[in-house]
Amino acid sequence: MSALHTAERGSATWRLIKAESTLCVRDKVAPLWGIGFPLVLLIILGSVSDLRQPVEGSGGLTYFDLYVPVLILFNLAILATTSLPTTLAGYRENGVLRRMRTTPVGPARVLAGQLVANFAIAVVAMVLFVAVAGLGFGVDLPKHLPGFALAWLLAAAALLAIGLLVAALAPGRGPATAIGTVLFFPMMFFAGLWIPISQMHPLLRDIAHYTPLGAGMGAFQDAYLGHFPSAVPLLTLTAYAVVCAFVAIRRFRWE
Amino acid sequence: MPPVIEVRDLHKRYDDKIAVDDVSLTVQEGEIFGILGPNGAGKTTTVECVEGLRVPDRGEIRVLGLDPLRDRAELTRRLGVQLQAGHLPERLQVAEALELYGSFYPEPADWRALLDGLGLADKAKTRYAKLSGGQKQRLSIALALIGNPRVAILDELTTGLDPRARRDTWDLIEGVRSRGVTIVLVTHFMEEAERLCDRLALIDAGRVVMVDTPAGLTERARIEQRIQFRPSRPMDDHLLTSLPDVSGVTRRGESVIVNGNDNALNAVTTVLARNQIVAEQLRVEQASLEDAFVQLTGKRLEPGPR
Chain Z
1 MSALHTAERG SATWRLIKAE STLCVRDKVA PLWGIGFPLV LLIILGSVSD
51 LRQPVEGSGG LTYFDLYVPV LILFNLAILA TTSLPTTLAG YRENGVLRRM
101 RTTPVGPARV LAGQLVANFA IAVVAMVLFV AVAGLGFGVD LPKHLPGFAL
151 AWLLAAAALL AIGLLVAALA PGRGPATAIG TVLFFPMMFF AGLWIPISQM
201 HPLLRDIAHY TPLGAGMGAF QDAYLGHFPS AVPLLTLTAY AVVCAFVAIR
251 RFRWE
Chain B
256 MPPVIEVRDL HKRYDDKIAV DDVSLTVQEG EIFGILGPNG AGKTTTVECV
306 EGLRVPDRGE IRVLGLDPLR DRAELTRRLG VQLQAGHLPE RLQVAEALEL
356 YGSFYPEPAD WRALLDGLGL ADKAKTRYAK LSGGQKQRLS IALALIGNPR
406 VAILDELTTG LDPRARRDTW DLIEGVRSRG VTIVLVTHFM EEAERLCDRL
456 ALIDAGRVVM VDTPAGLTER ARIEQRIQFR PSRPMDDHLL TSLPDVSGVT
506 RRGESVIVNG NDNALNAVTT VLARNQIVAE QLRVEQASLE DAFVQLTGKR
556 LEPGPR
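First to last, the sequence lines map onto chains Z and B. At position 34 of the first sequence (counting the first as 1) the number is 34 in our numbering, and the numbers step up by one without a gap. At position 40 of the second sequence (counting the first as 1) the number is 295 in our numbering, and the numbers step up by one without a gap.
Honestly, the hints are just simulated from the structure, not real lab data. Honestly, I wouldn't trust all of these hints.
What the hints assert, rightly or not - Pairs of lysine-lysine residues, derived as DSS-like cross-links and limited to a Cα-Cα distance of at most 25 Å, are as follows: (1) Lys378(B) - Lys391(B); (2) Lys28(Z) - Lys385(B); (3) Lys18(Z) - Lys272(B); (4) Lys28(Z) - Lys391(B); (5) Lys28(Z) - Lys380(B); (6) Lys28(Z) - Lys378(B); (7) Lys18(Z) - Lys391(B); (8) Lys18(Z) - Lys28(Z); (9) Lys391(B) - Lys380(B); (10) Lys18(Z) - Lys385(B); (11) Lys18(Z) - Lys380(B).
The model shown is predicted, which means the values in this text are computed figures rather than measured ones.
Using the sequences plus the hints, can you model the full thing?
Now the structure itself:
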């Protein structure tokens, strides 16, 4: 009997993940802004020969080399600040979560389904960007692959936790979108979207190391240069993931 | 046989407003039980406590012997719920929603048959956001029944439906009941309560005014009959006012309107026959549940659903 129930739950969870993934794709924000836009940017930037100059203080990596991890973080940031919180706040506002409370499955698994769906989209984006940069523009794979994988997993966890926190704190879909947009630009600035971190004013550089995307960038850069990422960025990402997830779970309301 | 739903001394307050003051009721297996009352009477809060969506301040609730809060997991498998404002993700298609919700339950119903019964068969591929208000309403009924529940609580079943869809929905609900499902129907729509419900609880200002069959409620309200006719030749009102069963006689143009108790019609026709007067265009107005409601609570219900 209990094995039967477990099997049912398994299939219900799986169907929820499938449904939430389908909805994410239909929503178009994640595929267009999370994958399409950074991919086009990657291709355009890869065609600019000036960007093939090494960046001072980046261990021999070129501007374009640095853009590959920046755009991987761009994808995570779009999912975390736009796709995830807007969808979840909308679910709460429209009574989707409330409706789920009356079923045997409960609303927590809708949240899990959304997280898994966004995570899957992020994996696709990361693999796609690394492959296009490598095959199309000769950017080498990160020299320390396990280090890169760990850094990416921690960055994804930190960013999804931030998205969950926005969804927990925002009273509705509108405020969730607003908070997400306001968070997106400074986070991307500190990832080095506009100026590489190593070229920033020393004060900004210090701040960048403790922002989620700046820390992610630091860890990626280590992995690209062939080292296991250093402790500070990894711990910074872990701290964001744990603290944001903790507060989000404590503060999340179903209605 | 123990009742399917038992509510005792339920009390629920929001901030400074008492939503449910003191509600007790029992629902028996296999019946359609109506909860009737004006907006703000506490109907929805009562059923939300039964569903386990709200925590009562006081009182005891049992559904199929289960505590709605402690035994949530078990209850949700056997209780189908239609919420007054329950929504789905905008881009989810009708068939996807039903398959998804069906997968939540141990023995789901056949969703295609449900869609047919609710007249939504051609909408299976339509996204939720593209449905009309009435179609969304019918989908929410389908979702309440998808788990093959033992008990279904339906809040404002046919609000927003056109008359044809409303009658189809009533047929569907009667079909569900004939399979042994117990149904609780929250409504402020009289015709619906009269047509579907075996028993009704009248709720006003957070309290149960009375529980009875629709006919019993009408009877208890002791509303007079109203007889209207056009006499075939001039007649003296005194012929009728002298009858003990008649309480009043008025005239409107050529018509005579007689108020009286249950025996009034008998008495009036006898007197008319004795005087060789034919009652043309004879009409007898029975007291409706609506009249009974006004009589019992001193309030009117809303003018029905939009």
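Indices of hints not satisfied (ascending):
Going through the list in order, the structure violates hint 3 alone and respects the others.
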